[in-house]
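Full structure from sequences and hints, please.
Spelled out from the first residue to the last, the chains are:
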Amino acid sequence: MKNRLKVLRAERNWSQADLAQKLEVSRQSVNAVETGKFDPSLPLAFKLARLFETTIEEIFSDEA
Amino acid sequence: MFCSANNPASRRYIIRSVISAGLVILFAVFAAVSFHLWHLHGAPAYLVAILPALPILGALVATGIYLKEEKDEFQRNLLVQSLLGGIGGTLALTTIWGYLEDFTKTPRMDLISVYAWFWIFVGVSYGVVRRRYR
Chain A
1 MKNRLKVLRA ERNWSQADLA QKLEVSRQSV NAVETGKFDP SLPLAFKLAR LFETTIEEIF
61 SDEA
Chain B
1001 MFCSANNPAS RRYIIRSVIS AGLVILFAVF AAVSFHLWHL HGAPAYLVAI LPALPILGAL
1061 VATGIYLKEE KDEFQRNLLV QSLLGGIGGT LALTTIWGYL EDFTKTPRMD LISVYAWFWI
1121 FVGVSYGVVR RRYR
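If you read the protein sequences in the order shown, they are chains A and B. Just so we're aligned: 26 in my numbering is position 26 of the first sequence, and the numbers increase by one with no gaps anywhere. Start counting at 1 in the second sequence, then tack on 1000, and there's your number in my numbering.
Hints listed in this document are in silico derivations from the structure and should not be mistaken for laboratory results. Think of the CB as a built atom: it goes at the ideal place given N, C-alpha and C, for glycine as much as any other residue. Treat each hint with caution, since some may be false.
[As the list claims (entries may be wrong)] EDC-like mimics (lysine to aspartate or glutamate), calculated; alpha carbons at most 20 Å apart, straight line:
#: 1; chain 1: B; residue 1: K1071; chain 2: A; residue 2: E57
#: 2; chain 1: A; residue 1: K47; chain 2: A; residue 2: D62
#: 3; chain 1: B; residue 1: K1071; chain 2: A; residue 2: D39
#: 4; chain 1: A; residue 1: K37; chain 2: A; residue 2: E63
#: 5; chain 1: A; residue 1: K2; chain 2: A; residue 2: D39
#: 6; chain 1: A; residue 1: K47; chain 2: B; residue 2: D1110
#: 7; chain 1: A; residue 1: K47; chain 2: B; residue 2: E1073
#: 8; chain 1: B; residue 1: K1071; chain 2: A; residue 2: E34
#: 9; chain 1: A; residue 1: K22; chain 2: B; residue 2: E1073
#: 10; chain 1: A; residue 1: K37; chain 2: A; residue 2: E58
#: 11; chain 1: A; residue 1: K37; chain 2: B; residue 2: E1073
#: 12; chain 1: A; residue 1: K22; chain 2: B; residue 2: E1069
#: 13; chain 1: B; residue 1: K1071; chain 2: A; residue 2: D18
#: 14; chain 1: A; residue 1: K47; chain 2: A; residue 2: D18
#: 15; chain 1: A; residue 1: K2; chain 2: B; residue 2: E1073
#: 16; chain 1: B; residue 1: K1068; chain 2: A; residue 2: E24
#: 17; chain 1: A; residue 1: K2; chain 2: A; residue 2: E57
[As the list claims (entries may be wrong)] Cβ-Cβ distance ranges computed for the label pairs, FRET-style:
#: 18; chain 1: A; residue 1: E57; chain 2: B; residue 2: I1112; range: 22 to 30 Å
#: 19; chain 1: A; residue 1: P43; chain 2: B; residue 2: V1029; range: 41 to 49 Å
#: 20; chain 1: B; residue 1: V1029; chain 2: A; residue 2: M1; range: 50 to 58 Å
#: 21; chain 1: B; residue 1: D1102; chain 2: A; residue 2: A49; range: 54 to 62 Å
Now the structure itself:
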């Protein structure tokens, strides 16, 4: 699944470690989601959307 | 090995695992000394013989508790995949070894070693799974 996490993170000048801390997950988890290798659960996707003050659809797209 | 000590669930898992490992050694020594000194038989022999296995079961329970307590779904996913690899590898090894024992002169596998093999396969699987997400 494609996502805009890297862009959203860069806009806020957050590192992967910063985002991981805010989400209360490991940096490896953020990296895995960001690189599209791991699809987050719905609760984590909602958490990301709330954190970036946007919608899930604005962060993730189901294009291959 | 499977988790960092960065979060409370990981820390608790590490503590429980270390306690279990310590108890295995303690109980194994106790069982060996007991059988050597008192030549146990009957019910006490069975009880003392089972003693070192109890913390091993405890370590498996600790793994289950960790999976329940770990809030990081990616880390949970890594461990679940590794455990599946461990189960698959152990079943494959013991099945192949069983047939080798039946049809060739391959020596009997010590059943206690199956637990160690399981964790060896879990460790190898963990390395493979981690590489996939790098």
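Structure-based check of each hint:
Of the supplied pair hints, the one linking K1071(B) and E57(A) is violated, its CA atoms being roughly 24 Å apart against a limit of 20 Å. With a CA separation close to 18 Å, the supplied pair K47(A) and D62(A) stays within the 20 Å bound. For the given pair, K1071(B) sits about 16 Å from D39(A) by alpha-carbon distance, which is consistent with the 20 Å threshold. Taken as a hint, the K37(A) and E63(A) pair is honoured in the structure, with Cα atoms around 14 Å apart against an allowance of 20 Å.
Distance hint between K2(A) and D39(A) is fulfilled; the C-alpha atoms sit about 9 Å from each other, no more than 20 Å. Pair hint K47(A) plus D1110(B) does not hold up; C-alpha atoms about 49 Å apart against a cutoff of 20 Å. Note on K47(A) and E1073(B): the hinted pairing holds, with a Cα-Cα distance of about 13 Å set against a maximum of 20 Å. A distance of roughly 18 Å separates the Cα atoms of K1071(B) and E34(A); the hinted pair therefore holds under the 20 Å criterion.
The suggested pairing of K22(A) with E1073(B) holds, with an alpha-carbon distance near 15 Å, which does not exceed 20 Å. Using a Cα cut-off of 20 Å, the hinted pair K37(A) and E58(A) holds, with the two alpha carbons roughly 19 Å apart. The straight-line distance between the Cα atoms of K37(A) and E1073(B) is roughly 13 Å, inside the 20 Å bound, and the hint therefore holds. Note on K22(A) and E1069(B): the hinted pairing holds, with a Cα-Cα distance of about 19 Å set against a maximum of 20 Å.
About 17 Å separates the Cα atoms of K1071(B) and D18(A), which keeps this hinted pair within 20 Å; it holds. With a C-alpha separation of about 15 Å, the suggested pairing of K47(A) with D18(A) holds against the 20 Å cut-off. At roughly 19 Å between alpha-carbon atoms, K2(A) and E1073(B) fall within 20 Å of each other, so this suggested pair holds. The hinted pair formed by K1068(B) and E24(A) meets the criterion: a straight-line CA distance of about 16 Å does not exceed 20 Å.
For the given pair, K2(A) sits about 11 Å from E57(A) by alpha-carbon distance, which is consistent with the 20 Å threshold. At about 54 Å, the beta-carbon gap between E57(A) and I1112(B) misses the expected band of 22 to 30 Å. Checking the proposed 41 to 49 Å range against P43(A) and V1029(B) shows it holds: the Cβ atoms sit about 46 Å from each other. Separation of V1029(B) from M1(A) is about 52 Å and conforms to the stated range, judged on CB atoms against 50 to 58 Å.
One distance hint, 54 to 62 Å for the beta-carbon pair D1102(B) and A49(A), holds here, with the actual separation near 58 Å.
When each numbered hint is compared with the structure, violations occur for hints 1, 6 and 18.
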